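Residue numbers (the numbering used here), protein chains in the order written: chain V, 7 to 190; chain G, 7 to 190; chain A, 7 to 190; chain U, 7 to 190.
Derived by calculation from the structure, the hints in this document are not laboratory data. Model, not experiment: these values are computed from the prediction. Fair warning: there could be bad hints in the mix.
[Unchecked claim] Each pair of labels, with its calculated beta carbon distance range:
1) A:F27 <-> G:E98: 51 to 61 Å
2) A:S28 <-> U:P83: 25 to 35 Å
3) G:E39 <-> U:Q87: 34 to 44 Å
4) U:K54 <-> G:H121: 29 to 39 Å
5) V:T29 <-> G:L122: 54 to 64 Å
6) A:D165 <-> U:P83: 57 to 67 Å
7) A:C94 <-> U:L38: 10 to 20 Å
8) A:D165 <-> U:K54: 18 to 28 Å
Even for Gly, the Cβ is constructed at its ideal location relative to N, Cα and C.
Protein chains: 4
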Amino acid sequence: MPLSDSRYALLVIDMINDFEFSTGKELYPFALEAGKQISILKEKLKAKNIPIIYVNDNYGKWQSDFRHLVSHCVEQPVLGQPIAKMMCPNKEDYFILKPQFSGFFATPLDLLLTHLKVDTLILTGVTGNMCVLFTANDAYMREYKLIIPSDCIASETVDINDQSLQTMKKVLKADIRPSTELFK
Amino acid sequence: MPLSDSRYALLVIDMINDFEFSTGKELYPFALEAGKQISILKEKLKAKNIPIIYVNDNYGKWQSDFRHLVSHCVEQPVLGQPIAKMMCPNKEDYFILKPQFSGFFATPLDLLLTHLKVDTLILTGVTGNMCVLFTANDAYMREYKLIIPSDCIASETVDINDQSLQTMKKVLKADIRPSTELFK
Amino acid sequence: MPLSDSRYALLVIDMINDFEFSTGKELYPFALEAGKQISILKEKLKAKNIPIIYVNDNYGKWQSDFRHLVSHCVEQPVLGQPIAKMMCPNKEDYFILKPQFSGFFATPLDLLLTHLKVDTLILTGVTGNMCVLFTANDAYMREYKLIIPSDCIASETVDINDQSLQTMKKVLKADIRPSTELFK
Amino acid sequence: MPLSDSRYALLVIDMINDFEFSTGKELYPFALEAGKQISILKEKLKAKNIPIIYVNDNYGKWQSDFRHLVSHCVEQPVLGQPIAKMMCPNKEDYFILKPQFSGFFATPLDLLLTHLKVDTLILTGVTGNMCVLFTANDAYMREYKLIIPSDCIASETVDINDQSLQTMKKVLKADIRPSTELFK
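Build the full structure now, drawing on both the sequences and the hints.
Here it is as structure tokens:
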């Protein structure tokens, strides 16, 4: 596959999440399925030394850390606990706290990617029509190439997810093949 | 004093710091003096419910948290330990990790200040001609009013510190009266 | 209507345009219809002293001016000439040249809106699923309220336009009533 | 000289200027001297196909163009007319309108430099302790290397100019040799 000249980073968006919000129950089963695929993909990419970046909501607060959010989701009996346990970040993983939908808005993400010499982003996580899409849009305007594996993003409904994938394929020229077909 | 219509925030810049860098020894005694004044000022401002924001270098990394930096400086026998112990952040304090000299560059600081409805920044910390000055410049361009108490910033030499204060007074119209004359 | 406490600005996106690009022919008739409605809306808003901001592509160049683009479209026999003539900017109108889809990306638009004390944007122009949508997304993250009159935006097909309007209504909470129902 | 692996751009800051402001008279003679050197340097760099970027204040307006500013300064009997005539931009030159001191703040300058594949900026213009310094600071944080020829910047007094040059040499590691020693 023609991915060989790129420098990649895997972005895992809003998966470390208690899912304790109004539409969390609808989203959760889809997120769990995506989470399983992301976990497999993450291991494959780690073996190739591709950096993993957790991009997470700071919930309008600047008083708590990402590590606290991880503890909250892993140790408390929240809806998102199984996902958080499954894809718990490692010491060498990066994280970005975002105050808004897009991982690029008012964060050092672009700077981090420049330092890592990344030109192609592999976007995964939730939700396909909100934080993933907004991050993808901003990435496209900053001229990153996009891989958004169709089995690694989730939204509240299958239709919304599919529509968002089609939009990202068409408008942002994203490669949306499932993760099983990538990095073989 | 004519400060009554403003909404303030206290920024404490790079004081949670191990000072284990080449010029740390020169800077440390001045930083310690400034730290004592900042601590007194911080208590005065806390009593008025003015938010405290720690603005700290992330040392080019996005893999560790501010709370880890605090632990490192408070618990390890580093040069900066006494200062870190003296001005250890509280639970309700905010923090911003900055990848560069200015607290505004590639961070959510401006967004946080907007949410807190702040229009006047009280800048303190180290060093007067680097991170404090760069943060002050960026604050000025974003139309924040500036209070930079002369006894609450430190640089490697008294001359450099004084020159920087005069620049911030002249170019940025900063109020540079010592903290003892403020918020009485 | 409950719009009375807001400060508005009308954004006219990419309508001063020669339409001499590959899909310009498909887009043109829809743009012309939208242009007629935008022109009527513009007069209504001007009578209320609401600022008009032309947001236009700089086509990757930083060597020519907006006024040159206006001349090019008004004076040359280009496909977009009738629209450019119909909605030619006035002296007191503002303009922003954008290097990317979003009017906010790498431009002073946010700063201009802050100076004008605007909290609600009326978005119009082309295309509904590209520059209008990207600008709307960025506006939403900056906490502007959005009015996107359904008869004042255009895309290459009616379906794409409708889908984009529904997305902006749902995700960005935009008011998408037609312009004829607004500012009566 | 070890400049050969870099891609340069010459920035000419605020020289297209009517100088009709309170301290314009003090600044003007220094600016005229600097302008002569910048003009010579500009020709030398143009011969090497190095891009020239005029960075100019938009005076808080987004209603007039750079070309109008050029006309205003070249055709009206303003104090800055001789400088504007001497260093009038050519068709192929770039320009950036800045709403604040720094050429990077709320402008597409960084994007333009990325497109031009520039890694080293040659900063010239006025004033040494305001727009030149603020632009230099922002350039340094974005990791551009800096050449700031001492004879090509001007401030209201020689002392202020020298102090600013020394600061940029020390803090920003700028090469401040006079233009006569560069690009031989």
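Status of the hints after comparison with the structure:
At about 54 Å, the beta-carbon gap between F27 of chain A and E98 of chain G stays in the expected band of 51 to 61 Å. A beta carbon spacing of about 49 Å between S28 of chain A and P83 of chain U contradicts the range 25 to 35 Å that was offered as a hint. Under the hint 34 to 44 Å, the C-beta atoms of E39 of chain G and Q87 of chain U, about 53 Å apart, miss the expected range. For the hinted restraint 29 to 39 Å between K54 of chain U and H121 of chain G, the CB-CB distance of approximately 48 Å leaves it violated.
Between T29 of chain V and L122 of chain G the beta carbon distance is about 29 Å. The supplied range of 54 to 64 Å is therefore violated. A C-beta distance of roughly 59 Å is found between D165 of chain A and P83 of chain U, which places it inside the suggested range of 57 to 67 Å. Evaluation of the 10 to 20 Å hint for C94 of chain A and L38 of chain U yields a failure: the beta carbon distance comes to about 40 Å. As the Cβ distance of D165 of chain A to K54 of chain U is approximately 52 Å, the hint placing it in 18 to 28 Å is violated.
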